[in-house]
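Visitor: As a plain string of letters, each chain reads:
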Amino acid sequence: MIYFDKVSKVYPGDVVALADLSFAIEPGEFVSVVGHSGSGKTTLIKMILAEDVPSMGQVFFESSDIHKLNHKELPKLRRRIGSVFQDFRLLPNKTVYENIAFTMEAAGRTDEEIASDVPHVLELVGLGNKLWSFPRELSGGERQRVAIARAIVNQPDLLIADEPTGNLDPLNANDIIQIFKKINDIGTTVLLATHDKGIIDSLGRRVLTLENGRLIRDNKQGRYVL
Amino acid sequence: MRTIIKRIFKSGFINFWRNGVVSIASILVMTVTLFVIGSLVLAAAFLSASLTEVQSKVDISVSFKVDASLEEIKALQRDLMVLPEVKEVALSTREEELTLFRERHKDNNLLLQSLDEVGNPFGARLNIKAVNPTQYESIATFLTNQDSDSAAIIDQVSFKKDVVDKLLAITNSLRRVGLAVSIVLIITSILVMFNTTSLAIYIAREEISVMRLVGAETSYVRGPFMVEAIISGLIASLVAMLLLYPAVLWVRNATLGVYGGINLLSYYLSNFFYLFLMLLTAGVTLGAVASFLAIRKYMKV
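Sequence lines, in order, name chains U and D. Number 70 in this note's numbering belongs to position 70 of the first sequence; there are no gaps in the numbering. Number 171 in this note's numbering belongs to position 171 of the second sequence; there are no gaps in the numbering.
So that you can see chain U by itself, here it is in the shape it has in the complex:
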């Protein structure tokens, strides 16, 4: 589903974020990317979302080169990917309901679908009573749940999460991982970037380990080793 072909990213000032990275993710996999801060996890995710372009190499989503898509095709690709960002990235002037509705509107869903799906997905992440709150009125953990609800509401083919449990206490973090597992069970491919050892060890799924932008380990039933 995702295929990195010798991808490098060098930022101005010769900062190497990714170096000659090659790997493939199959549909339905649950893959974790681990590594220290600055090892290139976030850059890797940016490459998949076309938020940034590689200095060298290509990134494929199915058969299309993500960075060669035009401005009409790119939004269509992004609607197939649900993303949870480290810094939440909610729309500050929209309520929780509107934040999630916006993603559905962008995907061209009808008003009826929006009215029925938004409360449902918020119920799923345990925020059924916060529909009309603004992001600034929520705690870090609650914002993270809104971000997750937004990422899954369109039933994406791929779910990408960058440190989704970084701001949560262990109990909440476990809840979130359970949600990801459920999503994966219904066939969604999940790519999770984290440095939470406990989560990785409990998952027992494939682990990619990055160090200074290089892929140093790819274990099928990995544990967190650094």
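To be clear, the hints were calculated from the coordinates, so they are not data collected in a lab. Be a bit skeptical, because a hint or two may be false.
List of simulated lysine-lysine pairs, PhoX-like, C-alpha gap at most 20 Å [stated by the list, open to error]:
id, chain 1, residue 1, chain 2, residue 2
1, U, Lys94, D, Lys10
2, U, Lys94, U, Lys72
3, U, Lys68, D, Lys300
4, D, Lys300, U, Lys72
5, D, Lys166, D, Lys129
6, U, Lys94, D, Lys6
7, U, Lys72, D, Lys10
8, U, Lys46, D, Lys300
9, D, Lys300, U, Lys76
Here's a subset of chain D near chain U, in silico, CB distances under 7 Å, partners left out [said to hold, decoys possible]:
id, residue
10, Glu85
11, Lys87
12, Val89
A virtual CB, placed ideally from N, CA and C, is assigned to each residue, including glycine.
Assemble the complex: chain U is given as a structure, and chain D must be docked to it using the hints.
Guide: Same frame as chain U, but now just chain D:
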């Protein structure tokens, strides 16, 4: 498609309302821009009407000899009326001239008494107004080149060439300076407005990139911002229009004693709809274009 437009408008209205302070700031700046444009339009109308008024005070005056017959004078009047350059020819008979003189000097008894003794010393007079002040010279030439019949009855053709020339020079340079000042003022205020708009959108740049990352199309991201700017333009044009009223009132009162020119207030009132439509179009177009350009910068994601 209808759903998309409905959603864009709805979200534009909501954003406008929730962005309170930013919205008020952009309305204020837009109001200043539109006020400048509006007052320049009014100033141009005022200037041009005043200049026309001054120009209409200029005429060619032909005084006839005392023994010239009224028929001959009327014949010349008819000849003049035919000329395309001539706007109007007013005849003032000998008697009217006398009455006019008496009226003007009614406090001077000595003068009036001596006038009674000499009888009526005044010849009749034709006052000629040209369509355009540049044409006085050709009318004057026409009069002096008359055949002997008419030339015999004309006493004097008074036409202040230097005054007319000076007046023309002044009005032309006033028009040019006015245009230059207007262009500079309009460009400046438009630039300030563009700057404010791009600041407002700079504040929302994170939001724009998030919208892009969740898969919103360019038009769907841009639409609500443009709706916001259009609402600002609408409100600003209304506010500018209302602010022009006291300004017009003040100018009218200040110039009332000086000028018998146009009444700026009635001009403003009678052209209210046209002026409002112009400011509205300017406000909405400027707002839409400014936000369109400002967003483009953050659409790269």
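Visitor: Tell me the numbers of any earlier hints that the structure contravenes, in ascending order.
Guide: Checked against the structure, the hints that fail are numbers 2, 7, 10, 11, 12, while the rest are satisfied.
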